[in-house]
Structure formats: C-alpha cells, structure tokens
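Q: Read off the chains here:
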Amino acid sequence: MPLQKRSVHSLSPWVLGLILVIFLGHFTLVLVHQFGKDRLPNAVTNLSERYIVPWFYQNYLMFAPDPTDHINTFIYRVGDADGWSAWKNPVFEHQQDHWANRLGTGSDWYDLYNGLGDLLFNAAMSVEFKPNATASDYHASRAYTLAKKAVLRLESDVKRIQVAVFTKHHRVDANGSVQVRHLLQPFPPEAL
Amino acid sequence: MMKQWWRHIEQWQYALPIQPVSELFIRSMYGVLLWSTIKLSTMGEVIWGSDSIHQLYDPYTNIDRFAMLLNNEAIRPYWWVFVGLFAVLLLLGVFDKHNFITRTLVAYLFVVLHYGNVEISTGGHHLTQQLLFFHILLFRVDEHNESQWAALRRFIHHSSFYAIWLQIGIMYLVAGYWKVLGTTWPDGTAMLLTLSYKEFGFPWIADSLKENNTLLWISNHIVFAYQLLFIVLIWIKSIRPYFLSIGLIFHLSIAFIVGITDFGLLMVASYAIFVAPGTAKKVLGGSLKSQVVGLNRN
Numbered sequence: 010m011p012l013q014k015r016s017v018h019s020l021s022p023w024v025l026g027l028i029l030v031i032f033l034g035h036f037t038l039v040l041v042h043q044f045g046k047d048r049l050p051n052a053v054t055n056l057s058e059r060y061i062v063p064w065f066y067q068n069y070l071m072f073a074p075d076p077t078d079h080i081n082t083f084i085y086r087v088g089d090a091d092g093w094s095a096w097k098n099p100v101f102e103h104q105q106d107h108w109a110n111r112l113g114t115g116s117d118w119y120d121l122y123n124g125l126g127d128l129l130f131n132a133a134m135s136v137e138f139k140p141n142a143t144a145s146d147y148h149a150s151r152a153y154t155l156a157k158k159a160v161l162r163l164e165s166d167v168k169r170i171q172v173a174v175f176t177k178h179h180r181v182d183a184n185g186s187v188q189v190r191h192l193l194q195p196f197p198p199e200a201l
Numbered sequence: 644m645m646k647q648w649w650r651h652i653e654q655w656q657y658a659l660p661i662q663p664v665s666e667l668f669i670r671s672m673y674g675v676l677l678w679s680t681i682k683l684s685t686m687g688e689v690i691w692g693s694d695s696i697h698q699l700y701d702p703y704t705n706i707d708r709f710a711m712l713l714n715n716e717a718i719r720p721y722w723w724v725f726v727g728l729f730a731v732l733l734l735l736g737v738f739d740k741h742n743f744i745t746r747t748l749v750a751y752l753f754v755v756l757h758y759g760n761v762e763i764s765t766g767g768h769h770l771t772q773q774l775l776f777f778h779i780l781l782f783r784v785d786e787h788n789e790s791q792w793a794a795l796r797r798f799i800h801h802s803s804f805y806a807i808w809l810q811i812g813i814m815y816l817v818a819g820y821w822k823v824l825g826t827t828w829p830d831g832t833a834m835l836l837t838l839s840y841k842e843f844g845f846p847w848i849a850d851s852l853k854e855n856n857t858l859l860w861i862s863n864h865i866v867f868a869y870q871l872l873f874i875v876l877i878w879i880k881s882i883r884p885y886f887l888s889i890g891l892i893f894h895l896s897i898a899f900i901v902g903i904t905d906f907g908l909l910m911v912a913s914y915a916i917f918v919a920p921g922t923a924k925k926v927l928g929g930s931l932k933s934q935v936v937g938l939n940r941n
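Going down the list, the sequences are from chains A and B. So for the first sequence, the working numbering puts the first residue at 10; every next one is plus one. So for the second sequence, the working numbering puts the first residue at 644; every next one is plus one.
Honestly, the hints are just simulated from the structure, not real lab data. Using N, Cα and C, we set each Cβ at its ideal position, and we do this for glycine too. Just so you know, not all the hints are guaranteed correct.
Residues from chain A that keep clear of chain B, each with C-beta distances beyond 10 Å, as calculated [what the hints assert, rightly or not]:
{"hint": "1", "residue": "PRO22"}
{"hint": "2", "residue": "LEU49"}
{"hint": "3", "residue": "PRO50"}
{"hint": "4", "residue": "ASN55"}
{"hint": "5", "residue": "ARG86"}
{"hint": "6", "residue": "ASP89"}
{"hint": "7", "residue": "GLY113"}
{"hint": "8", "residue": "SER145"}
{"hint": "9", "residue": "HIS148"}
{"hint": "10", "residue": "VAL167"}
{"hint": "11", "residue": "PRO198"}
Here are the simulated distance ranges between beta carbons [unchecked claim]:
{"hint": "12", "chain 1": "B", "residue 1": "GLU786", "chain 2": "A", "residue 2": "VAL24", "range": "18 to 24 Å"}
{"hint": "13", "chain 1": "B", "residue 1": "TYR914", "chain 2": "A", "residue 2": "ASP182", "range": "36 to 42 Å"}
{"hint": "14", "chain 1": "B", "residue 1": "PHE709", "chain 2": "A", "residue 2": "VAL53", "range": "22 to 28 Å"}
{"hint": "15", "chain 1": "B", "residue 1": "GLY727", "chain 2": "A", "residue 2": "THR143", "range": "25 to 31 Å"}
{"hint": "16", "chain 1": "A", "residue 1": "TRP108", "chain 2": "B", "residue 2": "TRP678", "range": "15 to 21 Å"}
{"hint": "17", "chain 1": "A", "residue 1": "LEU27", "chain 2": "B", "residue 2": "MET644", "range": "37 to 43 Å"}
Looking at chain A on its own, in the form it has when it is part of the complex (with noise of 0.2 Å):
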C-alpha cells in the first residue's frame, strides 16, 4: 500500500525522534545488561541492572553456554516400624505422562521437582563443606524444608522419611560417546 504524507497533521520531527531514542535507549540498556558485564564500567551495568530487573530482566542461557551436563532428581522414602519403602521418584509418572502428551501438565510437574532436585543438590554439596556437619544442618537448609513439604504432599501416615538427589551426568567423550555417571546424596533421615 502506496503510503500518503498528509502535511497538515504531520508531527514534529523532534517528537519522532524524541519516541525513537526512548526505545533506543532501552534496547541499549537491554544489549549492557547482556552484554556488558565485566566489560563495561561498573556505573554503566549499575544503571542497566537498575532499569533491567526485574520488570525487563531476561534470561536465554538455558542451553548455553553447553546445555546441562547433569540432572538432579529428588527421591524419597518414608519409614514406619517395619523399615523403609523402596526409594521413590515423584516426578516419574509425571515424566510420563510428558511423554504421551506434550500438552499436559508433565513437564511442570517435572520441572518443580526437577527444582527442587536442584536445590538439595546444592544444599548438600553447601553443607558437605561445612566443617562437622551435623543431621541438623542438613535439615535447616531451605531445600530439605521444601522436599519434606513434598513429601507430605504426597504420603500420609508418616513416621521417618528421608530425601535423598539422585544426579545423572553425562559427557560425550573425545570418540564423540555418551558416558554416563550417577551419584547419590541422601539427606539425614528425620523422624517425625
């Protein structure tokens, strides 16, 4: 479509640059943000941290700079006077049903429990390093608050339960191969 100045109504061009150099002025902020950290004076990514987050905060590094070379997931199992049950992984039926429908609800069902695989993961490896650790500790991190809250979600009837991150981590080798390692860091159990 041809278009037409029509002169009379014709805005200023000062009032077109003016709009022009506020959006500009964001993407600039939006490219510093990304971009400037550790490159640029820090009073530059102080001012584009301030406009960024968090109503314009932004984060595309999900598979970079490598897509994750491991995975953790929370398991569980809960005790009563005749022993343990068998360790237990939440989110498997979830993964699933992820796998028979890519529209449902299995992948967010896996990724809050994925979530919070992580969170014990770090809170393990936080207080591994903790010089003489202590069941306590393991149990006054955030993550174990959470895991056990899931857990109760789900079991009734509890007596003992104990959380445990099972990590998968895989590496393709210099014959371009999938290796395979695992890792099991079970919490402390805890009677209730």
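For chain A, the structure is supplied; the task is to place chain B on it using the hints.
A: Using the frame of chain A, we list chain B on its own:
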C-alpha cells in the same frame, strides 16, 4: 542513505498497513498463553498457591515489589484472582476485544505470574514478558483518522512493532553468543548431549543415541548459525520466509521432541509478527472489520 531511512520512518505516522500483523501476533500469543494458563491452573495451588515446593524470592521494598506479588506468602492464597483475570483478558483478546488498558493488565499479570513460579520459566517466558510490554503500545488506529493524536499512535505502533522484531533478534543473539563461549555447540555435540537425557526428549531417542552422527552435527550447526544470524537476516525481506521456516521447524522440534512445550509454542506464536500484512489480513478474515470501521480505537 540516512535521509532515505528517515523519510521511511517519517511515513510511519501516516498509515498503519501492519495493523493486521499486530492483531494476528496478539491473538497468537494470547492463544498460547491461554492454553498454558488453563493447563497450569489445574495445578495452580502448587504453582502459585500455598502448596508451592519452590523457593520464593521477594527481595524488593520499592515499586519493584509489585512484580513479585506472588512471592509473598500472604498473597499466594489468592493466586486464582490473578490467574482468573489473566485468563479472562486473554480470552477476550483472542476474540478481538482488547485495548490499551487490557493489554497493560495482561502484560502486568504475566510478570506477576511468571515471577510467581520461576521453576517453570523458560527463555520463552522471559521473551514473552518483553513482547507483552511492547504489545501494550500496539495501538489500533482508524485508518481515516487524520488527527495528530492518530499520527502519534501510528508512529508508536510502528516503533513497538519493530521493537518486537528487535527483541526477538536480541534473544537469539544472546543465546547464540553465549553458546560460542561453550564447547559443545562449537564442536557439534550439544544436540547429542541434550537428547541423551530422557528428560529432554523420549526414552527411545535417548536409548538409541549413543554417539554423535552427521544429522545431529548438522542440526547443531544450523541451530547455532540461525541464532547468531537472525538479528541481521530477519530484515532481508526476500529470504525471510525461508529463513523463518528453519526457526519454525526448530521450535516445533523443541516443543514436541525435546518436550519444552511452552517455550516452543510461545516462540511459534511470536513468529506471527513476521507474517506479511496481506497474509495476516487473510488469516484474520472478517474479524478485522471492526477495526477498519473504527470500533476499537485503543
């Protein structure tokens, strides 16, 4: 060159041939967001409510706190108010009923719901947050209105429209640039590493992929190049449809093979902004009539 460019920009105030594209974009985004919101509301008590099993994050005391409302334990029991209003506004928008105020509310509610559960957030959600901000300014303007006010709104509409293009380009540039600094994307093994997890894909894919192969290597580099070049190539009209078809295949694969469905579908919906005006008009058909006669002026 600069003069020519400025003359082109100046024309933005006189007509709005891209309005059908903006409309298609809004409805596509709203459609995917509506599906996602309805889906998530079936587990809303865990996602946004009191049964949450993720860490809440509310470090602000100033106006920024309004972005984090659902990180406040006292507000979380009322998650359904936010979700309900959001869903209603999206539904109205899908059926052509939206204006500056509803678009502002949609953008704001998305921020609150997004930050209300970052565990389910993806790059697609971060991008959507930006695109919904710009969509506030996609004013509808009656084509016969020759006032200065209408000219201003047309100009802002155009600026926001291309800001959406630029924002999508920046997303790819950031994702591509940081991949350059890794090892698996440049050496062509990233695709294998991703699909080796049953969590990203299907068990039969993970079980059958023990080594890298030519198809994976080529796909790896196509994705890598697509992300790095998008911000430049998207402006070249003659190659745009072919170029974008690579992105569509990529994002549909992410949705239905890798299994990050929300991300894949949000990206596909956002591509509506690149549709040619004539095509958008055809897709929208009769529903565009109300705008042409000036019933929706916001």
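Q: Determine for every hint whether it applies to the structure shown.
A: Hints, one by one, checked against the model:
Not every CB of chain B is more than 10 Å from the CB of A/PRO22 (nearest about 7 Å), against its label as outside the interface. Every CB of chain B is more than 10 Å from the CB of A/LEU49 (nearest about 16 Å), matching its label as outside the interface. Every Cβ of chain B is farther than 10 Å from the Cβ of A/PRO50; the closest lies at roughly 21 Å, confirming the non-interface assignment. The Cβ of A/ASN55 lies farther than 10 Å from every Cβ of chain B, with a closest approach of about 15 Å, so its non-interface assignment holds.
With a least beta-carbon separation of about 18 Å from chain B, A/ARG86 lies farther than 10 Å from that chain, consistent with its non-interface assignment. Residue-level check passed: A/ASP89 sits 23 Å from the nearest beta carbon of chain B, beyond 10 Å. Not every beta carbon of chain B lies more than 10 Å from that of A/GLY113, the smallest distance being close to 7 Å; the non-interface claim is violated. Residue placement check: A/SER145 keeps its beta carbon more than 10 Å from all beta carbons of chain B (closest about 20 Å).
Distance check for A/HIS148 against chain B: the nearest CB is about 16 Å away, which clears 10 Å, and the non-interface claim stands. A cut-off of 10 Å between C-beta atoms confirms that A/VAL167 is not in contact with chain B; the least separation is 16 Å. Separation of A/PRO198 from chain B is adequate, the least Cβ-Cβ distance of about 20 Å exceeding the 10 Å criterion. Roughly 21 Å separates the CB atoms of B/GLU786 and A/VAL24, a value that falls within the hinted 18 to 24 Å.
For the pair B/TYR914 and A/ASP182, the supplied restraint of 36 to 42 Å holds, since their beta-carbon distance comes to about 37 Å. Our hint of 22 to 28 Å for B/PHE709 and A/VAL53 holds, since their Cβ atoms are close to 26 Å apart. A hinted range of 25 to 31 Å is violated for the C-beta pair B/GLY727 and A/THR143, which are about 46 Å apart. For the pair A/TRP108 and B/TRP678, the beta carbons lie near 19 Å from each other, so the given range of 15 to 21 Å is met.
The hint said 37 to 43 Å for the Cβ distance between A/LEU27 and B/MET644, and at roughly 22 Å that hint is violated.
Of the numbered hints stated above, those contradicted by the structure are hints 1, 7, 15 and 17, listed in ascending order.
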